[in-house]
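Protein sequences, first through last, are from chains G and F.
Counting in numbering that gives the first Met the number 0, the first sequence runs from 0 upward without gaps.
Counting in numbering that gives the first Met the number 0, the second sequence runs from 0 upward without gaps.
None of these hints come from the bench; they were simulated from the model.
Backbone N, C-alpha and C fix where the C-beta goes; we use that ideal spot for every residue, glycine too.
There could be a bad hint or two in this list.
Claimed, not checked - So the derived list for chain F, only partly shown, Cβ under 10 Å to chain G, looks like this: (1) S4; (2) K19; (3) G30; (4) R39; (5) F59; (6) H101; (7) I103.
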Amino acid sequence: MIYMDNAATTAVSKTALDAMLPCLTEDYGNPSSLYTLGQKAKERLEDARETFAKYLNAARPEEILFTSGGSEADNQAILSAAILGERKGKRHIVSTKFEHHAVLHTLKKLERQGYEVTLLDIPPDGVITAEQVREAIRPDTCLVTVMFANNEIGTIQPIPEIGKVCHEAGVLFHTDAVQAAGHLPIDVQAMDIDMLSLSAHKFHGPKGVGVLYAKRGIFLSNVIEGGAQERGKRGGTENVPGICGAAAAFREACEHMEANAEYLKPLRDQLITGLTKIPHSILNGDPVRRLPGNVNLCFEGIEGESLLLLLDGKGIAASSGSACTSGSLDPSHVLLALGRPHEVAHGSLRLTLSENNTQADVDYVLEVLPGIVSYLREMSPVWDELEHGQRRHLI
Amino acid sequence: MALYSDKVMDHFQHPRNVGKMEDADGIGEVGNAKCGDIMRMYIKVDHDTQTITDVKFNTFGCGSAIATSSMATEMIKGKPISEALKLSNKAVVEALDGLPTHKIHCSVLAEEAVKAAIKDYYDKNGIAYGDELAMDCEHCCACDSHETA
Chain G
0 MIYMDNAATT AVSKTALDAM LPCLTEDYGN PSSLYTLGQK AKERLEDARE TFAKYLNAAR
60 PEEILFTSGG SEADNQAILS AAILGERKGK RHIVSTKFEH HAVLHTLKKL ERQGYEVTLL
120 DIPPDGVITA EQVREAIRPD TCLVTVMFAN NEIGTIQPIP EIGKVCHEAG VLFHTDAVQA
180 AGHLPIDVQA MDIDMLSLSA HKFHGPKGVG VLYAKRGIFL SNVIEGGAQE RGKRGGTENV
240 PGICGAAAAF REACEHMEAN AEYLKPLRDQ LITGLTKIPH SILNGDPVRR LPGNVNLCFE
300 GIEGESLLLL LDGKGIAASS GSACTSGSLD PSHVLLALGR PHEVAHGSLR LTLSENNTQA
360 DVDYVLEVLP GIVSYLREMS PVWDELEHGQ RRHLI
Chain F
0 MALYSDKVMD HFQHPRNVGK MEDADGIGEV GNAKCGDIMR MYIKVDHDTQ TITDVKFNTF
60 GCGSAIATSS MATEMIKGKP ISEALKLSNK AVVEALDGLP THKIHCSVLA EEAVKAAIKD
120 YYDKNGIAYG DELAMDCEHC CACDSHETA
């Protein structure tokens with residue numbers, strides 16, 4: 000099988016697995032227990048915290064809070080900032096139209112509670128500007144939350160510039176870095192990031208582990224009430240094996256970041272060049288300012304789910320933003336925000352590479368994909384109308 | 000568990016009666032590209048016996064849209080029009096060994112496409128028909144909300 004859905008999840012690396020196993024079989028104690036076995040687990044937990052602090056360049060390990068994943072981290076960051084804002088009578092939040100649903104649905108919830116939310120429009124290249132953020136900030140803005148890199152189209156946002164704008168305005172800045180962490184350099188201090196969310200399974204760590212970085216002084220509100228774990232900010236016995244695996248994977252990803260990017264970019268660009276040769280196809284998002292392993296295209300006249308099923312039949316695992324794969328009636332909100340018409344957005348394909356992919360994988364995709372697109376177009380009444388001038392080509 | 004039954008996958012991967020029919024006696028098209036699925040059904044009719052002698056389809060849509068189109072064509076091919084009119088979406092779903100709940104809508108499209116093709120044949124030949132072919136529901140993305148399997 001050729002796995003090209005690394006933005007969905009990744010295989011756990013050997014390094015991560017090796018770090019996890021002893022926590023399951025030897026040092027399995029509860030970090031809250033005072034005897035030696037518990038304290039050994041506690042030590043592993045704190046080592047992991049230090050690893051994340053180091054590679055994010057957080058000022059202190061205490062600024063790292065472990066969660067169940069990126070979604071929980073996003074929820075906690077946004078809800079905490081909203082509560083802090085309310086105390087000062089600030090109930091306005093700035094975000095973008097193409098955030099992950101963990102952000103958008105949390106903002107929806109706040110809107111129902113009376114908060115006002117401004118969602119920035121997405122420019123055609125899929126990269127918002129710091130200027131857009133500056134213009135949207137109001138005296139009653141309590142939070143700006145903008146993703147580091149988009150999960151569907153992979154475009155990288157100008158985070159340091161946005162951070163600067165937020166700090167000049169005295170507004171908290173959170174970034175959902177789930178797709179960026181381990182793949183792009185992150186320095187929370189240099190980039191003026193107040194809060195950041197990440198998820199371990201996007202960089203060869205295990206599922207079920209996330210991190211919320213919150214700068215000292217930002218009072219977090221609990222999403223999960225319970226014991227005194229995580230400085231009382233997140234109840235529940237810590238997932239020590241998962242957290243240790245996450246830290247090992249993060250260290251490895253950060254240590255090899257440059258080499259991985261150097262390896263992935265040419266593979267990504269071959270896919271982009273090769274697949275955009277298919278007539279009436281288009282790349283979604285800026286070709287350069289995008290994650291090293293992200294390819295996202297639309298093919299006119301076909302529908303994404305059938306494309307994925309046929310690719311699966313050829314042993315290729317990929318994803319799409321079509322309505323049928325999103326489980327809703329509308330295609331991907333990201334592609335719609337980017338300005339793709341519904342009909343075009345239904346025919347989208349996302350291929351996301353990891354360093355486990357090879358040149359042979361790329362060659363194989365380039366070999367089989369054009370045939371699958373043609374086959375589906377042959378069958379499509381939409382394509383028939385496009386080809387006979389009864390319908391206007393949109394791309 | 001797989002997303003689709005073996006039968007759905009078989010009809011998706013090896014669709015029967017796929018293609019365009021240049022000399023069709025009736026053509027029915029339902030769905031909307033905006034919503035992500037369009038089915039176009041072509042029928043050839045023996046005027047004397049009022050029998051559907053050949054069927055073809057073109058579909059833009061997901062795996063189950065293609066599979067339901069394919070199955071529907073098999074179910075009406077060689078049948079009298081009177082019988083084809085009785086084809087229900089439920090029968091198509093059953094013939095495919097079931098569909099996921101959120102895909103039932105595709106089977107409704109298949110039923111509608113057959114009816115639309117017959118209606119077109121009736122219209123072209125001045126044959127009167129009753130309310131069963133009065134399709135005032137312009138298929139829209141919201142159809143999912145008022146369909147029952």
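A quick look at each hint next to the structure:
no. : hint : in the structure
1   : S4   : violated, 13 Å
2   : K19  : holds, 7 Å
3   : G30  : holds, 9 Å
4   : R39  : holds, 4 Å
5   : F59  : holds, 4 Å
6   : H101 : holds, 7 Å
7   : I103 : violated, 13 Å
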